[in-house]
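Mind docking chain L on chain W? Use the hints.
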Amino acid sequence: MNRNRKIDFMINDKDKTEEYDVLVVGGGIAGEEAALNLANQGYKIIMVEKDLSIGGKMIHLSKVFPTLDCAACITTPKVSETARHSNITIYTYSEVKGINKLNGSGFMARVERKPRYVNEETCTGCQICEEKCPVFVQDQFQYDLVGRKAVYVPFSIANPRIATIDMDNCILCGACEKACPADAIDFTQEKEEIPIHIKSVILATGYKLFDPVVIERYGYGRFKNVVTAMQMERQLVPTRPYNNVLRPGDGKMPDNIAYVLCTGSRDATVGNPICSQVCCMYSTKQAQLLMGALPMADITIYFLHVRAFGKGFEEFYQQGRSMGVEFIKGKIGKITEKENGDLLVRYEDIREGVVKEAEHDMVVLSVGILPDIIPEDMFLKERPELDPFHYVMQVDELSNPAKTSMKGVFVAGAASGPMDIPDSILSAGAASSETATYLRRLS
Amino acid sequence: MKNNIGVYICQCGSNISDYVDVEKVRDEVSKIEGVAIAKTTMFACADSTQKEIIEDVRNKKLDAMVVASCSPKLHLFTFRNVAIRAGLNPYHYVQVNIREQDSWAHSDHPAEATLKAIGLVSAGIARVKHSKALKSIDIPSRNAVAILGAGVSGMRAAIEMADMGTEVHLIEREHFVGGRTSQWSQLFTTRQSGEEVVSGLYNKIINNENISLYTGAELLSMKGSVGDFKAKIRIIPRYIKADCILKDNQELLNATLKAINACPVEISDDFNFNITKRKAIYKNYHSEFPECPAIDYEHCTKCGECAKYLDAVDFEQKEQEVEINVGAFVVATGFDPYEPEKGEYAYAEVENVITLPQFKRLIEMNEKELTYRNKAVKNIAYIYCVGSRQTEGKNNYCSRYCCTSAIHAAIHARNKYRDINNFHINRGIRTYGKQELLYEESSRNGDIYLQFDEENIPVVEKQGEKLIIKVKDILTQEKELEVEADLLVLVTGMVPRKHSKVSDILKIPLGRDHFFNEIHPKLKPVETVIDGVFICGACQAPFNITETIKSSLSAASKANALISKGKIELEPTIAEINPEQCSWCGACTEVCLYDAIRKIGHNGKEIAEVDESKCKGCGMCLPVCDQNAINLIGYTDKEIESFIDALIS
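Residue numbers (the numbering used here), protein chains in the order written: chain W, 1 to 443; chain L, 1 to 649.
Isolated chain W (complex conformation) (with noise of 0.2 Å):
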């Protein structure tokens, strides 16, 4: 297929309509799950992900709980096995537009392909571009611990792995388009439209992070210190930004890191009021292996309830406190800034009933997840309901998980709740069962 073709979308242009049966909206490890088991069973399916790069959340991950092996291991195949499989068509960069619902014969859609600049079949992801781009930018991939430049490739084990031009930050000197030895830079690209015609719809839309820059007493984006569990996690990962745990205020090896759980979950004042289901265990998770890459450091995890509740999770976080965590029932008052870039965190000691104050040298904010809310445009006129929380709602949970309140529109993964990794391949598997039922019904 030419990726370049510039096309003047029109919903009747019957010829240039791609058919599938499956659209899934989201290519991490749920969406991926379930296009396997669908394509597994010869369904055509097209996936769209929004990001550069297949692989969600779980690609960035270093080790997970409660085995720790590493998700790299375990995502990489999935990924790859998704990207190469003959009856799914994957669009990165993309996004679903106008899903509208045809009387009695599936759903029309548009998927709009944001422009790389960079043509995506003669690009080899060499990374020459890199080298000569002058535009240095923070690097979302590493959660803005380090920078990359204007033209690049998002990350070593990205799928596809290719470059991209970030033209927000591009300042069009052409260095990249001289030194490409494949000819792949391309200015001239423009956002594409393709029309689909499907019959079934899988969100697989995941989660975000939950920002903390709202919760203003624990001076995150302030006090340099003070980082989210994603920008740990990235630390702890084999492609971490600096081959070391560092703070990042000046690049000293912590030795006594703090962890505070239910930062943004379990919360109503800012609006999260349930729980994320995977702080603790990510924490519990971090701190062990905290204590292998600084084998000197004191980690202590301040925390309310611990929820160990999956299969091996008591036993891991008794692993935990086995190897020296110190685990505080403690609800942080306020966090401030030394001059020397320590931090003190003031906290009610529940148990002892007393507030105190300790000093850490570097604090861990073990961040909630949110919905990834479903664009208001994804739909054209009937959409999904969604839960009070705005995760879509799942309309028979106890018999049909998948289900939501749109025929022939079914949920995945974290879009329909916190879940862990575990939990969303369970849950992904429900969702693909139910879509092969409801297309068997179908024909």
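No lab work stands behind these hints: they were computed from the structure. Please note that a few of the clues may not be correct.
To be verified - Label-pair ranges, simulated between beta-carbon atoms:
1. N169(W) with G87(L): 39 to 45 Å
2. S86(W) with L220(L): 58 to 64 Å
3. S649(L) with A293(W): 36 to 42 Å
4. S107(L) with D255(W): 45 to 51 Å
5. L68(W) with K247(L): 24 to 30 Å
6. E19(W) with E33(L): 52 to 58 Å
7. M167(W) with T636(L): 45 to 51 Å
8. G165(L) with E326(W): 53 to 59 Å
9. A133(L) with L172(W): 43 to 49 Å
Stated by the list, open to error - If you want the ones that stay clear, here's a sample from chain W, every Cβ over 12 Å from chain L, calculated:
10. L38
11. C70
12. N103
13. E131
14. R161
15. D211
16. V213
17. G219
18. I332
19. G341
20. D372
Bear in mind the structure is a predicted one, so any value in this text is a computation, not a measurement. Every residue gets a Cβ at the ideal spot worked out from N, C-alpha and C, and that includes glycine.
Quick look at chain L alone, frame taken from chain W:
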């Protein structure tokens, strides 16, 4: 012999390269004769590396591949697929494990770990040199499944698989389906009743011609292997004719009630977790399906009293054994509630101490006012984590559903009856996700939460008529508080099913928590190491109903993918008999665990023959053969000897 070999040494991020000097390994093995190319890579399994390997194979005309990375359990098939895509026979690929068997095991000795890696990779290269091109064995598969357990998990999987065109044998030990869900009234978080959920599923099952439902049925034995299992099922008689359906038949219903009334046998009613009695003939609850009474085979004295009222009673029914032939099993045998020991929080010693499941039945049975043993109940105390998160005792795990379930029951009780006070004596409430809202609702209702540590467990005392629970409450600086309660509910967790022969018969491995174990929680969450045997629901780990259904739908879709194509591809790495050398002694059949070797005639003599569909390639038969007439394909003497030579040289 292969002499143009590509070798790839994976860093696995840093999992391997932190301890093994991968550059040194590469430099050493690239000197080996026959190695055309040796490289290191950050993630061998990443798509970009896979592409690179394929290009190398094509451009350099490689004839074999070795990847030194993690366990073949994880990625053997990933790289075999790379070989196929590159145009190589997948059996010209050998995976060397330098992670689980090297870097992780010897993280304290990096220099030695590097030496070991060199040895292992050299051995892998030596082995791949003698590799032979092989083709997988296709065996026919029956598109039929046996689902063990007709709780919500098994029923949901049955419906799904039957819809996909699979012949389903749904096997339930009890006379009624629905499992635990039929015993619950209101369910969180949808507040549907168990009856609604179970009846919805049951109606779909009886109207589906692809499903055969067996009640009072138990798996006796299993033979064969994936694609072609033969299972024996024992069915105990119901002693009631199958056409006795009470639904919409008032006359029959009245007759049944009279028959039940007339029965002189009284036994504990396990539907109510033994807080009430039932008769030997029974059908006491709306949520019991099929809507046909049953007679308890074990306890009935065959006195004939019930038969005076109910014509459908039929004592002529006999125990039966049926054999079914299926391609796969889905095991959905569920859980048992933890049964506290006598004296555990005064259980079975003080009468108003009950378990959470009993409490839930109590709420269901008491309409206007909550009473237990004829005494009004106003103050209810709940002690959490009974039988879960044990520090002494074998249940170290958290049972996942109980916090939410107990809070939900407490809310239900408060809404249903007047003046109820709830005291939750817990070890940290775990209402994860949206279930948090129930915790919040209960707190708003004025429920009291006290928290204890595993070091200071509450003490239950009986003072006259009163029940006093003493708690060292960590929320009030460990003050010792006393809760006076009319009823103490022990919030009991889930334990694996007692007396489950299923794991013995199907050989499903158990995890540390004694629940059935999946292969991998993320990669193969419903598969077991026994090919063709899937697990789902609470037999695998504590789950709530939604989570159970998700896993049962996942299992249905994986089982369907395996058996519905009519054939299953099996590994060609099986035993092979050399007919010239074999002179039939029978030693091999005696040690074969899979019944895969039989005697045949060959050129006027008797020799052994291997059944391709049954042989697992375990190699048990090789060492017992006096004549050395058996070879294991893919692990021939030549391959293994050269492997060992390289390892020790």
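Hint check:
Distance hint check: the CB atoms of N169(W) and G87(L) are about 43 Å apart, consistent with the given range 39 to 45 Å. Taking the beta carbon of each, S86(W) and L220(L) are about 44 Å apart, not inside 58 to 64 Å as hinted. A hinted range of 36 to 42 Å for the beta carbons of S649(L) and A293(W) is consistent with their spacing of about 37 Å. Range check, S107(L) to D255(W): about 22 Å between beta-carbon atoms, so the 45 to 51 Å window is missed.
Taken as a hint, the range 24 to 30 Å is violated for the pair L68(W) and K247(L), whose Cβ atoms sit roughly 53 Å apart. Restraint check, E19(W) to E33(L): a C-beta distance of roughly 54 Å satisfies the suggested window 52 to 58 Å. Under the hint 45 to 51 Å, the C-beta atoms of M167(W) and T636(L), about 59 Å apart, miss the expected range. Judged by the Cβ atoms, the range 53 to 59 Å given for G165(L) and E326(W) holds: they are separated by roughly 56 Å.
Distance hint check for A133(L) and L172(W): the Cβ-Cβ separation is about 55 Å, which falls outside the suggested range of 43 to 49 Å. Separation of L38(W) from chain L is inadequate, the least Cβ-Cβ distance of about 9 Å not exceeding the 12 Å criterion. Remark: the non-interface label on C70(W) conflicts with the geometry, its nearest Cβ contact in chain L lying 6 Å away (cut-off 12 Å). With a least CB separation of 25 Å from chain L, N103(W) remains clear of the 12 Å interface cut-off, as annotated.
The non-interface label for E131(W) is consistent with chain L: the shortest C-beta to C-beta separation is roughly 18 Å, beyond 12 Å. For R161(W), the condition that its CB be more than 12 Å from all CB atoms of chain L is violated, with the nearest at approximately 5 Å. Every beta carbon of chain L lies more than 12 Å from that of D211(W), the smallest distance being close to 20 Å; the non-interface claim holds. Its beta-carbon lying about 23 Å from the closest one in chain L, V213(W) satisfies the requirement of being farther than 12 Å from that chain.
Once the 12 Å rule is applied to beta carbons, G219(W) is consistent with being away from chain L; the minimum gap is 26 Å. No beta-carbon of chain L comes within 12 Å of the beta-carbon of I332(W); the shortest separation is about 17 Å. Every CB of chain L lies more than 12 Å from the CB of G341(W), the least distance being 27 Å, so the non-interface label holds. The claim that D372(W) is not at the interface with chain L holds, since no C-beta of that chain comes within 12 Å of its own (minimum 16 Å).
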